[in-house]
Amino acid sequence: MSDVGTGLLLGLSVALTAQNLFYCFAGAVFGTLVGVLPGVGPVVTIALLLPVTFTLEPTSALIMLSGIFYGAQYGGSTTSILLNMPGETSSVITCLDGHAMARQGRAGAALGISAIGSFFAGTVATLVVALFAPALTRLAIAIGPADYFSLMTLGLVGAVVLAQGSLLKAIAMVALGLLLGLVGTDVNSSVARFDFGVPELTDGLNFAVVAMGLFGIGEILTSLERNVGAGHIAAYGRVLPSLAELRQSAMAVLRGTGIGTVLGVLPGGGPSLGAFASYTLEKRLSREPSRFGRGAIEGVAAPESANNAAAQTSFIPLLTLGIPSNAVMALMIGAMMIHGITPGPQVITARPDLFWGVIASMWVGNLMLLLLNLPLIGLWVRVLRIPYRLLYPIILLFSCVGIYSLSNSTVDVALAAGFGVLGYVLTKLAFEPAPLLLGFVLGPMMEENLRRAMIMSRGDPSVFVTEPVSAGLLAAAAILLLLTILPTVRRGREVAFQE
Amino acid sequence: MLRHLLGLAALLTAALPAHAQSYPDRPIRIVVPFAAGGGQDILLRHVTPKLSAILGQQVIIDNRAGASGNIGTSLVAKAAPDGYTLGLGSNSTHAANHALFKGLDFDPIKGFDPVIVLAQTPLALVVNANVPARTVPELVAYVKANPGKVNYASAGVGSPTHLSGVLFNRVAGTDLVHVPFKSSAPALVDLVAGRVSVMFDTFPATTSFVKAGQLRQLAAVGLARSPSAPDLPTLSEAGFPGVETYFWSAIFAPAGTPQPILDKLNRAFNEALADREVTTKLEELGYVLVKDSKPETARAFVAAEFKKWTELVRLADIQPE
Chain A
226 MSDVGTGLLL GLSVALTAQN LFYCFAGAVF GTLVGVLPGV GPVVTIALLL PVTFTLEPTS
286 ALIMLSGIFY GAQYGGSTTS ILLNMPGETS SVITCLDGHA MARQGRAGAA LGISAIGSFF
346 AGTVATLVVA LFAPALTRLA IAIGPADYFS LMTLGLVGAV VLAQGSLLKA IAMVALGLLL
406 GLVGTDVNSS VARFDFGVPE LTDGLNFAVV AMGLFGIGEI LTSLERNVGA GHIAAYGRVL
466 PSLAELRQSA MAVLRGTGIG TVLGVLPGGG PSLGAFASYT LEKRLSREPS RFGRGAIEGV
526 AAPESANNAA AQTSFIPLLT LGIPSNAVMA LMIGAMMIHG ITPGPQVITA RPDLFWGVIA
586 SMWVGNLMLL LLNLPLIGLW VRVLRIPYRL LYPIILLFSC VGIYSLSNST VDVALAAGFG
646 VLGYVLTKLA FEPAPLLLGF VLGPMMEENL RRAMIMSRGD PSVFVTEPVS AGLLAAAAIL
706 LLLTILPTVR RGREVAFQE
Chain B
1054 MLRHLLGLAA LLTAALPAHA QSYPDRPIRI VVPFAAGGGQ DILLRHVTPK LSAILGQQVI
1114 IDNRAGASGN IGTSLVAKAA PDGYTLGLGS NSTHAANHAL FKGLDFDPIK GFDPVIVLAQ
1174 TPLALVVNAN VPARTVPELV AYVKANPGKV NYASAGVGSP THLSGVLFNR VAGTDLVHVP
1234 FKSSAPALVD LVAGRVSVMF DTFPATTSFV KAGQLRQLAA VGLARSPSAP DLPTLSEAGF
1294 PGVETYFWSA IFAPAGTPQP ILDKLNRAFN EALADREVTT KLEELGYVLV KDSKPETARA
1354 FVAAEFKKWT ELVRLADIQP E
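Chain order of the listed sequences is A and B.
Our numbering puts the first residue of the first sequence at 226, with every later residue one more than the last.
Our numbering puts the first residue of the second sequence at 1054, with every later residue one more than the last.
Source of the hints: derived by calculation from the structure; they are not laboratory data.
Hints may be right or wrong, so weigh each one.
[Said to hold, decoys possible] Covered by chain B, according to a simulated footprint, are these stretches of chain A (three or more residues, beta-carbon under 8 Å):
id	region
1	272-278
2	425-436
3	562-571
4	583-592
[Claimed, not checked] In the SDA-like style, the derived pairs of lysine to any residue whose C-alpha atoms are separated by at most 20 Å in a straight line are:
id	chain 1	residue 1	chain 2	residue 2
5	B	Lys1131	A	Val636
6	B	Lys1334	A	Gly565
7	B	Lys1235	A	Met670
8	A	Lys394	A	Leu705
9	B	Lys1202	A	Val688
10	B	Lys1155	A	Val423
Because the structure is a prediction, the values reported are computed rather than measured.
Quick reminder that beta carbons are idealized off the backbone N, C-alpha and C, glycines included.
Using the sequences provided together with the hints, build the complete structure.
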């Protein structure tokens, strides 16, 4: 404990120097900006800024890059709420209730709770990183392929729960998502599946491309049927959530923080999974699940807290093991190596200033983001006054630039357009895109871990029930499934969901 | 009349392939067919600032990742052979991929003029610290005593980390079971956790785990010992010759690039690599730089590597896609 105390003091002394405060602020601002711009994600931004960080102190460089990463988590929710356009993969789920709130003229409350929830989650998760990083590292190592598979199974069952309307339609969407996830090179045989001879498809479909198309472009196409001359929403109410709304969100923020903190530690889990999981949980626990998808403030508070908590704790495998849990972290390793620091278990002892400096800067950065974002809300909601005919071409342009920048590929832009059309058709037929996206995210990880577990067990499927963690997760999935499909529950469900 | 003649001369000059004397008179782009921040990308990023200074023109890195490097490499093969578009190539893009993928739209040998081989990065044979083996013969005995039970991880089918294991099994007569991962990092998690016991991976990726007591390096894989672990024997020295796999990085120009430009680029790269600061930093990171590589030696090297990896992929019985 005293180690942690001295560590945090050292960290604060590093993070609070004028130079590092500046880079932390620069990172937070950059991150907010790229989070707000649809498609332009932290991966691209960090890749572009890598050469700039050459000249910086390694600690300053990492502080700035981290700021971009969690700043993007804040900014990403803005376009999700205002325009149904997820700026970040982890804020896809925020679209569901966030945009519904915006339509009801409660955009300010939604943006406010997402900033407050994010700040709370960021503070807690930063403390968790400081206190428990070594212990959580053991958790990240201990989770094996069988456990991952079972976790993904639980997630897929959750995807069905997530859906609003017909159970059958939800399952169909999950299945479609799983199929889309099959596109790309098979890890075990290096066979390229469903690539139709297009080299760009051998790496699989990019999540951002699918999400931007289904949600953002699909939303624009649907909106074209409405009056394009008018502004988006006439009234937009108060700028901050009311006391009642805050009280309503409190538990959701707490639970979202908890889920995000744990899932963020797992390599491959990260902010997106945390957001999905916490939303599912809130809906499951709610006394009126029918409010979800129609502007429930918990449906914004939980995933926004979860994705920010996970964004902080996903630094644990990076800082303690040198192992990246996502593409952004992989770039951070690159940034460390450029500065001649070999990432790995020795960073804590060899470079305590860097380890604790980055951790302390996370909290400082989160505070800056809160102070930065709350006043911006008033500005953002004004975006909704811009008439469609001006707003949408601008958004489409930014989206195309953003999608192209993902991997400098025009194929991605064409794919996003295709998914936009699919999103429009699905909306018309009352199929929801959220379960599809969850299937798409979980499918490839599930398959990879299933097959890896089977290779390691030499083809014996009993590992999934003999490994305790895996068995527990599968049991939870079974219970959740039963609750969902039990006839009585279903009857209640259908009544609740009647349009 | 004279003016017309002069104009014509100017036109002719402009139409000629870029002149080595005036080359380079605009920025040079180097396509890296891998993601920014990866091992290959970092190597080049350490060299380009110095290179820009030597050539007097900005050298820009253009990351075109995807399809195991095939997308970016194909782009370079199709570029104008004027010295302004170059590409970073590796044992995957210019050797193994041709055997791993059917229908590539570039020829790794005929489609390019090699400029220089920059670095070769050797692999280490590493085991989880709980594996009761301190030497390679002890490991071989352990694997043979537990037939069909010992796993080795790789960073992907067809990568050096995979094919080293295939070769090792053949040379040592062992039956290590291959567990493929998407990249080195998740494979290392399972190696540290002990779910897999053995891996062939680079020194930079594994050394910090060795220092923390979680992994143990048993041998260097390749022709010579690694400068970062000079006490570690090579596999040949340990009694198992014939496993010579390593990562390498080279610069390629599209085929048909004028020789004077290739020579000028080669000299500039060699000068940049010889810079004390560049060398120190890259060697700290575990790259083994190639001294004084020439376009001709680079060409012979790539041809030999192409043959070797094609053979290895065949040996591993991977069907081309």
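Hint check:
Evaluation of the coverage hint for the region 272-278 of chain A: fulfilled, as 3 residues show C-beta separations to chain B shorter than 8 Å, against a requirement of three. With 3 residues having a Cβ less than 8 Å from any Cβ of chain B, the region 425-436 of chain A passes the three-residue criterion, so the hint holds. With 8 residues bearing a CB less than 8 Å from a CB of chain B, the region 562-571 of chain A meets the requirement of three and the coverage assertion stands. A count of 0 residues in the region 583-592 of chain A with a Cβ less than 8 Å from any Cβ of chain B is obtained; the coverage claim is therefore unmet, three being the minimum.
With a CA separation close to 18 Å, the supplied pair Lys1131 (chain B) and Val636 (chain A) stays within the 20 Å bound. Distance hint between Lys1334 (chain B) and Gly565 (chain A) is fulfilled; the C-alpha atoms sit about 7 Å from each other, no more than 20 Å. With a CA separation close to 11 Å, the supplied pair Lys1235 (chain B) and Met670 (chain A) stays within the 20 Å bound. At most 20 Å may separate the alpha-carbon atoms for a hinted pair to count; Lys394 (chain A) and Leu705 (chain A) meet this at roughly 18 Å.
For a cut-off of 20 Å, the pair hint linking Lys1202 (chain B) to Val688 (chain A) stands: about 15 Å separates their Cα positions. For the proposed pair Lys1155 (chain B) and Val423 (chain A), the alpha carbon gap of about 12 Å is at most 20 Å, so the pair holds.
Comparing the model with each numbered hint stated earlier shows that hint 4 is the single one that does not hold.
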